[in-house]
Amino acid sequence: MGRRLLIGVIAAVAFVLGMVYAWRIAFADGTELLFDSGWWLVLLAPFLGVLAAGLTRRTAPVIEGDRVLRHDGPAMLEHWTHGIGTLVLLVTGIALGAFFIPSLLSQQQVWAAMNVHFIAVVVFLFGTFYYGANAFLSRKRFREHLPTKNAFKFTVEHYGHLLGNKKYDMPPEEKYFESEKIAYLLALGSTALVIVTGLLKVAAHVFDVPVWIMGVATPTHDVAMVAMGLFFVAHVLFGAILPMGWPMLRSMFTGYLPLDNAKSEHAGWVEQIESDDGEPIPIRTMEHPAA
Amino acid sequence: MGGGYAGKILRIDLSAKAVSSIPTSDYEEYGGGHGMGSAIFFDLCKDKTVDAFDPGNVVTVMTGALQGTLTPGASGRCEVQGIGSQGYPKQWFTRTNFGGRFAGNLKYAGWDGVVLEGKASSPVWVDIRNGDVVIRDAKTDGLWGLDTFETEKAIYSLVGGSGSDGWFEIGGSRDAGRTTQKPAVLSIGPAGENMCVSGCLVHEGGGGAGQTGMGSVWGSKNLKAISVLGTGDVAIADPKALMEARAWAQKGFWSIEDPKNLMGMWSNLPAGPADSAGAGRAQGCLACSKNCHGGRGAKGLAPGSHCVDGGYGMFATAVNPKTDQDNAVTTDRLQRLGINAWEMCGSLPWLYDLYKQGILGPGKEIDSNLPWDECGSGAFNKAFLEAMAYKKDIGADLALGVARCAEKWGRYETDTTSGVLALQCHGYARHYDARTETEWGFGSMVSDRDINEHDFNWCMYWYVAFAAMYKMPFIMPAEQLVTMVAEKLLPYKDPKMLDYSEDGMYSDASVKLVAWHRHYSRFWKQSAIYCDWAIADFVSPYREGYSGLTPEYEPKFFNAVTGKNMTFEDGMELGRKIWNMDRAIWCLQGRTRDHDKLDEWQFLTGATRPIKASYEVPYTMPALVDGKWEYAYIDGRKLDKARTEDWKSRFYAFEGWDDNGVPTKATLEKLGLTKVAAALQAAGKLS
Amino acid sequence: MAENDDRNDEADYSPQSGLSRRQFVTGLGGIGLGAVLGGVITGGLAQPASAIAIPASQGYLLVDTKKCSGCDSCMLACSLTHHGKASLSLSRIQVAQNVFTPYPNDITISQCRQCPFPACVEVCPTGASHVDAANGNVRTVDVGKCIGCERCVNACPFTSSRADWNFEDKHAEKCDLCADTPFWNEKGGVGGKQACVAVCPMHAVTFTQEVPVQAGDVGYNVNLRSKDGWAKLGAWAKTT
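Just so you know, the protein sequences line up as chains A, B and C, in that order.
Heads up: the first sequence at position 139 corresponds to 139 in my numbering, and the numbers run straight through without jumps.
Position in the second sequence (from 1) plus 1000 gives the number in my numbering.
Position in the third sequence (from 1) plus 2000 gives the number in my numbering.
Be a bit skeptical, because a hint or two may be false.
[As the list claims (entries may be wrong)] Only part of the chain B face toward chain C is listed, based on derived beta-carbon distances under 10 Å:
| id | residue |
| --- | --- |
| 1 | Val-1050 |
| 2 | Lys-1107 |
| 3 | Gly-1252 |
| 4 | Tyr-1542 |
[What the hints assert, rightly or not] Listed below are the simulated BS3-like cross-link pairs for lysine-lysine, each with C-alpha atoms no more than 25 Å apart in a straight line:
| id | chain 1 | residue 1 | chain 2 | residue 2 |
| --- | --- | --- | --- | --- |
| 5 | B | Lys-1240 | C | Lys-2232 |
| 6 | B | Lys-1391 | B | Lys-1512 |
| 7 | C | Lys-2227 | B | Lys-1556 |
| 8 | C | Lys-2193 | B | Lys-1556 |
| 9 | B | Lys-1090 | B | Lys-1556 |
| 10 | C | Lys-2170 | B | Lys-1556 |
| 11 | B | Lys-1251 | C | Lys-2170 |
| 12 | B | Lys-1119 | B | Lys-1512 |
By construction, these hints were calculated from the structure, which means they are not laboratory data.
For every residue, glycine included, the Cβ atom is placed at its ideal position computed from N, Cα and C.
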């Protein structure tokens, strides 16, 4: 835990220093855009993420006394690199202007914002591809993020229960709520779009990309940005701002959720952990409510 | 509304210092420019019998569809209307116009025109920057009291944009609009501020709405200037057609590589570097391919001034050839003071004559301490012009306008009978001879002012008379010329319209000529707004058989810009409608057939040479002589009262007016002017 | 229980022939990483833009400011042929004037000089401002790539900037010698006509394929007055 904290702090400081450096060199005469001089880092980061996933060992969720291990080290790494990367990308991206909404920046600041965008791109790509390769290596972990056919119904009932209105007859919640799984699709789709179009835009710093491709890529990048932005706002709202999300937020730093919190919010998941003996756990449905 | 129009007309209530807008589409049927101005005046001026200086007077500053576009001989024009102070004995609802960059900037700012109502409680100026319109204090901004050039320069500084690199941001955000241009300013000088009838509106040095006393009307409203800066665009219905029309027109207009003249006369007076202000460059109004404004020289005097602007100086020298003066200096002063040069051209010969008769001078019956003994000199001109602008010496009486000044001195009848005071009609100085050039004289007679429309003047008078005077060969026999030109006079196409003989001038064909001219000018020249010094183009040395660009030119550009399908004849009919609205407004002001009159001397004296300080050459014009077309020498003719009255009656009948010159209800209704007929009815004017 | 491995063996399952998924992922990551680093180190992939020589333009506009009448026809023709509208602000050639300044300093003409070392091209972060080899190396803006940073507008060394901000369509633009004039029936570009040249009544702007004699920031050293019709009449001022 202490080691992780140290690594985390060092990484955060390095990231901040990187952004400061990126911003400041933009104002020095004659320096190239980082996207021009450092484009190869954009290519390198995904491979680094993939390699790191290959070398990563995961830890399964387990109950330890009065707490449950929810997020192992790799989960925290992929979450924060992807997430902080997204935050900085959104801020710099919006500032640079989209759909011809004028940029908020003066022209010299545009250069600097692009440089900071570059730093965040590298971190984001590392984190996203690290996550993606991990998901490839563990289909179970990937599947538990995907919505089931009860997605809509369970979402309505979940929030209805929260408001005290509906009769509660859905099965106990699993690791992720159905509403969160639906939002995951949004995140998945917008991430894929933003990466594909973003890589095309980076390619334009190296090759003479035909303008019609740019004419499609840039607006699509903008749309994906808005979608990511929406996801981001909802995610941060429910996960970090609203008090009901604070235990979960803490678990993204420590790895652990208090057991009573897990039993009340994710009872189904806790049951899975308790009954887990190495067998694949069947998906629970209305028709098959018990394992 | 189609391409070309901005879509909104700016409405300024100077009394309330309030700004609003009128949709241009409300007045679409009038086409633009003058037509819209007349219609707006009709609607907004509640009591049309008020004096010019009454706050109830409504002044319009209008553009049309073509202004701000690539249309040569149109893009720069701006039409100003309202009750003018110069008209005599009645201050008729009238018009004046000017060129330059003002009209274009109004369009780029998103305005088809400006309506000015009421009177500001203290001197103001209007600051238009795109859609932002602010009425500012002309005194605290240091403008009131400045001459027109200093006013315009001061406004250049006041309307600064933010930005660098020569590009200025207007509106404070990246996409609000940028320009490298200076604002376009229309202002009055001391003459207008002091409400002298000679006060006029000046733009860009040499652009002037000179006649009618509109400068004094602005002065009466405490309006010093309008400044406009626009960064927008004018929509063009068919840009490719406009580019093609431009290429076609350029082949027909004068060419700098091959400046042809016709029988000794330049084609519609293109100016150039060789002008009175000192050789330098020519100055062109927006998009024009003729660039006839006078040059800008190294001394920076009287920029863009030409012809008439410099005419006062020429007249001054002519009245007293012994003196010497620098015309550029005189013109510069006249423009700065904002004085109507033509009013001076009319008054100076008269005043000098009174001086020579011993009636005017130091201690004389008309007491004047101006240096008359050196009349025409630079020192005299300075003293005279300043007296005019500041109402000093006889300037106090002349501020009433030459006609009312003469009336005040008890000299109007005498001097307009003898011709010493050569006013043509309605208080306006003679321009082209009513005794010879029919459409000018009679056309002015039945309207509000000296018409100042040179359409026939170039080809029927100047080319012909010049060739005759210098014994140069005519380009074609008279019959061929009149036939060729008559073909263009749609819908009438009668060569007899161009018979300037004595019988010809009172004929029915002459009625058609004057009617044609009124209708043509009201729409094509003053509403679509084609420049008087480019269009009509009847005879061109650049075209096959000398056949000019009219009547192809007018609809070609209009339709390319607006996307409409107007024919030349459609425009003539719309012109007739606008002309009838104007006539109705004059009737509401109290017009009777007795007001359609030319000053007395034209009935008593034949044109002879040399005329007092005239710039004209002996009148040789096409005429039917014993049934054959000739270029006939027609000087020496006097007008005939009885025949003139008879001509008037036939003119009224042709126009569908009653014998008092009032449009009939049937005529108005057929033209779609039912509300105008109702107004005339209510005023008891309909017979 | 931190050593508790995730009980998902499929990642480590190796079929009889072939790799486990983990081996595949690790190999892919490693090879990719090596390839990128190797490519960068050997420098065979990247070619910095500044190493490419910029070819000279094959066309230039010549303007004689002493001949210009300030009618702005060139400006209106430029916006008309490029944008289909009449606008002074959207024109890529700018004529600025102060009628009250004595001649010849009353007019300045700002036309793109098709610089041999175009600052506007060098500073563009996306390659929107570029040298168009297909159109005689005219320096022009590919508006689809413009992101609106306005570096080109600020980089132009001349006043007023010859790279302009089109605030209606929100992209940079500049004189392309009429290579792309969708609203004109004539062929433009270095092998064709220029709208401003076609409409100027004074013939104060012309086109040339030779690099003009430069006169510093002021412009070119151009006299288009000496042979026209007015010159034959002796009408021009005797100023050079």
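Cross-check of the supplied hints:
1. The closest approach between the C-beta of Val-1050(B) and any C-beta of chain C is roughly 36 Å, which is over the 10 Å cut-off, so the hint fails.
2. Proximity of Lys-1107(B) to chain C holds as hinted, the smallest CB-CB distance being about 8 Å (cut-off 10 Å).
3. Using the Cβ-Cβ criterion of 10 Å, the hint placing Gly-1252(B) at the interface with chain C is not satisfied: the shortest such distance is roughly 12 Å.
4. Look at Tyr-1542(B): its Cβ only gets to about 12 Å from chain C, farther than 10 Å, so that hint breaks.
5. Proximity of Lys-1240(B) to Lys-2232(C) is assessed by CA-CA distance (about 35 Å); at most 25 Å being required, the pair is judged violated.
6. At roughly 44 Å between alpha-carbon atoms, Lys-1391(B) and Lys-1512(B) are farther apart than 25 Å, so this suggested pair is violated.
7. Of the supplied pair hints, the one linking Lys-2227(C) and Lys-1556(B) is violated, its CA atoms being roughly 33 Å apart against a limit of 25 Å.
8. Among the hinted pairs, Lys-2193(C) with Lys-1556(B) is consistent with the structure: their alpha-carbon atoms are about 23 Å apart, no more than 25 Å.
9. Between Lys-1090(B) and Lys-1556(B), the direct Cα distance comes to roughly 39 Å. Violation of the 25 Å bound is thereby established for this hinted pair.
10. Taken as a hint, the Lys-2170(C) and Lys-1556(B) pair is broken in the structure, with Cα atoms around 33 Å apart against an allowance of 25 Å.
11. The straight-line distance between the Cα atoms of Lys-1251(B) and Lys-2170(C) is roughly 37 Å, outside the 25 Å bound, and the hint therefore fails.
12. With a C-alpha separation of about 41 Å, the suggested pair Lys-1119(B) and Lys-1512(B) falls outside the 25 Å cut-off, and the hint is violated.
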